[in-house]
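Visitor: For reference, the chains in residue letters:
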Amino acid sequence: MKTLQRLFRHWPGTMDERKRQKQSQSCVVEESAFSIIAQGAFLVCDDSGQAVFSGAENLAIVAGLPRGSPGLSGSLPDALGVLDAEAWAALFPVSGSGSGPEKGSLREDTVSCRIPGKGTRFIRIRNAPVPGSPGRRLVFLKDETELSESRERLARAQSMDADASARLQAAVLVNGEHVDSPVLEYACSAMPSKLVDGDFLDVMRLAPDCVDVLLGDVMGKGMDAAIMGVVIKVGLFRSLAVMSRAEGSAPSLRDICAATERVITPHLLARRSIATFSYMRLYETGFFAEFVDFGHTSIVHYRKATDSCRLIKGADMPLGFVEKQAFRSFLFPYREGDLFVVFSDGLSECPGQGGTYFGEERIMRVARSRAGLPPRELCDTLVRLGFEFSESGFADDVSIVCVRVLKPEPMVSEQAGSLNLLLRQGAVHASDKLRKALTKVLDTAGSTDPVENGGLVLACVEALSNIAEHGLGGLSGHCLVEWRIRSGLLSVEFNYKGPDFDWLARPQSHIESYASRGYGIEIMHSAMDSVLLCKGFGNEKTLVLCRRLPCQKK
Amino acid sequence: MDYELTESNGISVLKPGLRTVDQNNVPVLFEPLRPILEAGGRIVLDLSKVQFINSAGLGAIVGLIRDVEQKGGQIRVSSPLPTVKALFNMVHLSSIVAIDEDTAAALSALARNNG
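Listed in order, the protein sequences are those of chains G and B.
Per the numbering used here, residue 53 is the first one in the first sequence, and the count goes up by one each step.
Per the numbering used here, residue 54 is the first one in the second sequence, and the count goes up by one each step.
Think of the hints as simulated: they come from the structure by calculation, not from any bench.
The C-beta atom is built at its ideal place from N, Cα and C for all residues, glycine as well.
Please note that the accuracy of each hint is not assured.
Stated by the list, open to error - Chain G side only, calculated, beta carbon under 10 Å to chain B, not exhaustive:
#1 S517
#2 E564
#3 H577
Start from the sequences, fold in the hints, and give me the full structure.
Guide: Here you go:
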C-alpha cells in the first residue's frame, strides 16, 4: 500500500483502517471510493494494458456512465477509444522489446481518446506494477480534458498578451530617432522574450556636446511589465520636458534621475514592482562618460589602448525599492577606439546547460575578441551567441546598446601621463613619485585654485596608499596610474590586481571621535566628484577618481 | 628631526621644519612636546613650513589634539599652507581645533583664553 502511495503522487492518503484490513492488495484498487475521491478511475490490467482484471466498473466514471452501471467490456484501449496508439504503446510496452521504460517503473502520459457520447477527451494515464502480482499493473485514469482546454485558453491569452506587449515594446519602448554623432557610432538590439518583460531603451541628444544612452528593465512579464516600461519612459520624458536648462546645455543626470524617481516611484510602489536602469551620458568633446545606475547590470567598457575590459557598476538600488534615495552619479574617461556594451540581464543571466549563465565575463570576452566589429555586427553577434548558449531561447527580453568611440576631429588638447609604480609596504616612494608628478600636472593645467589642486593630489596619494594597504591583499604589486586633464575634467585611474575592497562606501567622518587613522577614503570622496571601482578579468581592478575643474587653468 | 620649539608668554610654539608629514616621521614628530603636554600646557602647532600632510600625518595631529585636551591643556593650529588647508577643510578639522591664519593670532587667542 505504501509502495503504491509512493508511486502515485496523488494517491488519496485517508483510508478507513477497517476497510484496509479487510481487503487484499488487488481488492484495494477495486474500491471505487478511491476513484471517487481522486476523481478518476482505478483498475488493474495486464502488462500489455489490454485485459482488465478488476475495477472495470470504475471506467464508467471516466466514460461518463451513471453510477452503478455495469463495467465497460472489451479491452482497455477499446473501452477508452484510444486514438493515440503510439502514446498507448509507450505506456504499455510489449514485453521484451527492450526499448521501453523499466517494467517496475511508473509510467504516465496524456492520451487522446474518443469516448462514445463524450467526443474526444484527453485522459491522463498512470500505471505501475502491483506488488506481489506479477504481470499486473495498477492503472489510474483521469479525464483532464477541461484542464487541457484551460491550459490552451491560457496559452492563447498569454500569446495575445505577448503579441500586444511586443508591439507596444517595439513601438514605444525601444524606438528612437537615430542620433548622429561625430565621435560615437552605435547600434541597438531589442529581442523580446516569449512573454516580453518590459525592457526599454533609448539613445538621445539633449545638448550639442553629449549623447545619452538609457536602458532599463521592469520586473515581471507581459502587458503589465510593458505598460510599466511605458509609464517609466513617459515619466522620464515628461520630467525632461519640464526641466529648466540653460541654452545649449542638458539637465544634469542627477536632476533627471531625481525627477524621474519622483514621478515613477509611486507607480512602482503601488504595483509592488521595481525597475532597474542605466542612464549613461557620453560627452563627445570631453571624452568622458557619466552614469547613474539604478541597480542595473554592469556596463562593459573595452579599452583599445590596453586591450582590456572592465565592468562599470554603480551603487544605487532599483527604482521602486524605496520612496527616495540619494543616488550617485559616476564619471569615467574614455578614449578613441573604446567600446561600451550596455545590456539587460536577459543577456547576462541567459541560462544555458548545467545551470550556467551567459554571464558578464563572457560578454567582456566577446567584446574584446570582436572589438573590431562595427557596433551593429557586435550587437547581432551578442544576440546570436546568447541565443545559441540558451537551452530553449531567451527566457527574458534581451536589450543591447553597443557604442564605439571614433577618432575625434578636431583633436582637443589634453594633459595626460602615466606611472607604473611598484607598491611595497607603506608605498612611501611610490606615493612621493605620484605626488610630484600630479603636482606638476595640476600646476600646469589644473584648477586655478591651489587649495583645490592640493586636495586632488592628496586624494590620489591616499588612493595609492590604500591600494598598497587594502587593494593588493597585503602583498607587493604593481599599480599603473594614468591621469588626464581634458575639457575641464581630471581623471586618475589606478590599475592593479587584488582582492575586492569596498571603495564606494563613503565612511562617516572620524574627526569627531578623534580617531588617529582611517581618513584616506574620506579624503578621496571629499576631494573627488566620483570614486568608482571597475572589475576586469580575474582580479583585475581599476579605481577611477574624477573631478570636474570648472576653473581650469588655460 | 628638524623643528623649532619656542616659548612666548608661557605658550609653547612647535614649528616642524619638515616639508612632508607622513607615516615616515609621525612617530617622532611631536616628541618635543611630550613634557609640555604632560604638564597640561598651552601649545601652538605652527605648520607654516609643511607643504604636504597625508592621512597618517593627519591622524598624528588629531592624536596630539586629543592628548592635549585629555591632559587639560590647550592647543591651536596656525599658518597652514593652502594644500594643508585643503586637507583640514575636507575632514573638518576645525570642528575639534581652532585654526589660525598665523602664529601671532594663535598666541593672542590663547593668551586671551588664559586671562
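Visitor: Each hint: holds or not?
Guide: Hints and how they fare:
With its C-beta approaching chain B no nearer than about 7 Å, S517 of chain G sits inside the 10 Å limit, and its interface hint holds. Checking E564 of chain G against chain B by beta carbon gives a least distance of about 7 Å; that is within 10 Å, so the hint holds. Given hint, H577 of chain G at the interface with chain B, holds; its Cβ is 9 Å from that chain's nearest Cβ, closer than 10 Å.
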